[in-house]
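**Q** Read top to bottom, the protein sequences are chains A and B. Residues 1 to 113 in the numbering used here are what the first sequence spells out, letter by letter. Residues 114 to 228 in the numbering used here are what the second sequence spells out, letter by letter.
Warning: the hint list may mix true and false statements.
[Unchecked claim] Lysine-lysine pairs mimicking DSSO-like chemistry, simulated, CA-CA at most 27 Å apart: (1) B:129 - A:112; (2) A:68 - B:191; (3) A:42 - B:191.
[What the hints assert, rightly or not] Taking beta-carbon pairs under 10 Å as the criterion, some of the chain B residues facing chain A (in silico): (4) 165; (5) 169; (6) 173.
Because the hints were derived from the structure by calculation, they are not lab data. Where is the CB? At the ideal position from N, CA and C, for every residue including glycine.
Chain residues, written in single-letter form:
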Amino acid sequence: GENVEQHPSTLSVQEGDSAVIKCTYSDSASNYFPWYKQELGKGPQLIIDIRSNVGEKKDQRIAVTLNKTAKHFSLHITETQPEDSAVYFCAAATYNQGGKLIFGQGTELSVKP
Amino acid sequence: EAGVVQSPRYKIIEKKQPVAFWCNPISGHNTLYWYLQNLGQGPELLIRYENEEAVDDSQLPKDRFSAERLKGVDSTLKIQPAELGDSAVYLCASSVSGGPQETQYFGPGTRLLVL
């Protein structure tokens, strides 16, 4: 089955710097890749997603890139702010497994003012 | 628009006791998911419902866990009897349908501690 690896597990940046989180997946049939942000004591919240027919997607300070050949995708956050501090999860879904999301292990991002 | 509602938010029980969690999905969402999230890990799917039907329960430990979604809206997840290793966050999510590219919206979760 699908396996998603996420790196790094922790990331500390200064306010205003960029942050990059990388994920790799194993199942070449995966075609949907969402990113979730989870704050302490809350459920995961979708921040951006990308589908396999697109190589890059941007939403204000957040962007995601997808390389299907290499089977990896990345989250880029520019001009980080203290409120970006949270745990970020990548996930992958495969068409033949319906809506089953396989999550990475998470990255704890800390943005220092 | 109201999000996914879960209750209780926190639950502390002694091992071997039963416990139940309740989820109300976003209105109009036909697909409902229960996920287990251990500390420091990503969520793992336990069961997925399409309306009233459980279409994927392969990861549900059926010896002690059960779930139902009788009218295709609310759902309950039950553990009986609870074990120490069941301490985790139980997340409910919903989506309009169960397609592989459907956005899943998560509730706040129920934090279970088994003593």
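**Q** Taking the earlier hints as the rules, which of them does this structure contradict?
**A** Per hint list: 1, 2, 4, 6 violated.
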